[in-house]
Amino acid sequence: MKALVIGCGRVGSNLALQLDREGWDVTAVDEKEEALGRLGDNWAGGFVLGHGMDIEVLRRAGIEDADAVVVATDGDNTNIVIGQVAQERFDNQCVVVRVLDPARAQFYRERGLRTICPTSVAIDVLLESVRACEVRPAEASKT
Amino acid sequence: MYILIAGGGKVGANLARVLLGDRKHEVTLIEQRRDRFERLELEFEHQVILGDATELYVLERAGIARPPDVVAALTGDDEDNLIICQLAKEKYGVQNVIARVNDPRNQAHFDLLGISPTVSATRGLMALIEHEVPEHDLVHLLELRKENLEIVEVQLPPGAPAAGKRVEKLDLPEGSRLISIMRNGRSEIAVGSTELQPGDQVLAILQPGKEDELRRVLLKT
Chain A
1 MKALVIGCGR VGSNLALQLD REGWDVTAVD EKEEALGRLG DNWAGGFVLG HGMDIEVLRR
61 AGIEDADAVV VATDGDNTNI VIGQVAQERF DNQCVVVRVL DPARAQFYRE RGLRTICPTS
121 VAIDVLLESV RACEVRPAEA SKT
Chain B
144 MYILIAGGGK VGANLARVLL GDRKHEVTLI EQRRDRFERL ELEFEHQVIL GDATELYVLE
204 RAGIARPPDV VAALTGDDED NLIICQLAKE KYGVQNVIAR VNDPRNQAHF DLLGISPTVS
264 ATRGLMALIE HEVPEHDLVH LLELRKENLE IVEVQLPPGA PAAGKRVEKL DLPEGSRLIS
324 IMRNGRSEIA VGSTELQPGD QVLAILQPGK EDELRRVLLK T
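These protein sequence lines are chains A and B, in that order. Using the numbering used here, read the first sequence as starting at 1 and increasing by one per residue. Using the numbering used here, read the second sequence as starting at 144 and increasing by one per residue.
No lab work stands behind these hints, which were simulated from the structure alone. Everything hinted at is true.
Derived lysine to any residue pairs resembling SDA-like cross-links, with alpha carbons at most 25 angstroms apart: (1) B/K353 - B/N291; (2) B/K234 - A/I116; (3) B/K232 - A/Q87; (4) B/K289 - B/A264; (5) A/K32 - B/G219.
Computed list of chain B residues with no C-beta within reach of chain A, every gap over 12 angstroms: (6) D178; (7) R182; (8) F187; (9) I192; (10) L268; (11) E273; (12) R288; (13) E293; (14) K308; (15) E338.
All C-beta atoms in this analysis are idealised placements derived from N, C-alpha and C, irrespective of residue type, glycine included.
All chains should be modelled from the sequences, with the hints used to inform the complete structure.
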């Protein structure tokens, strides 16, 4: 199974490493050469230097026969455009896109793009934690 | 008309100035950079707002829900321009969007996602250069994206297969027509009886992708 990870920052690099450990054939794409360093000295997967908006870069990274494409650069709009290109031009069935802005993440999710919003996830987790610690003192004071 | 402009750089600010000069239009300009915004505010006052035009609440503050007659996405970032146009069209039902393409390599993305018309300074300059100094035998003059047609110009070389033939005798590809010919500085509409001569500058309208067939009929020796 081939996975393409576009954007090899903190999120992308760790995801690429994890997929690699799970047996995927992973190629990472980033416009900065330093990004390769995040994958460690033992990285045996692919790495393509270039911008994910560039069709030639995507082709070189093997988008045409990738089984999964993860788009996680640091730009929401860049990710949304690349995600749509992967889905609609290259007909990739499994495209996952990181979008930090909850509003745009929701709009594009409704349009059929699989967006993941770390901000919403963080909000949910923080809310849960706040609720979890608020209940106990209140209950304690009632009794 | 109500026109919403995203991006207050040279292109956006000049467009806003021209539109407001007509006194017939209402304009809102969105600029993301504070330094630019402050300069623009001196001139455009309440008609410019500070913010990222790809954020829904910024667009809504600028009145996108009315909706505007035209949204022009003119920032220096192609991804932003694409997203602004998609949001305007598909979320807020804006009928007319115009996108600036900064890097002509990104044109394919705009086409794929149905954002048109687009404006590209590089593409415009290339068309002008080709028109002035034709390096290729077939020059693209105008793309009519909505109609899926384009207008091209060819100059008939000596010995071209079409030279000496009447237009009605040409085996033109399906989905193409000759519009006019220009000879010795004068042009006339091409009709069936028009006879082509070497040196003629011929305008043709055709569906994209038919260029090679047209070339074969008119130019190949």
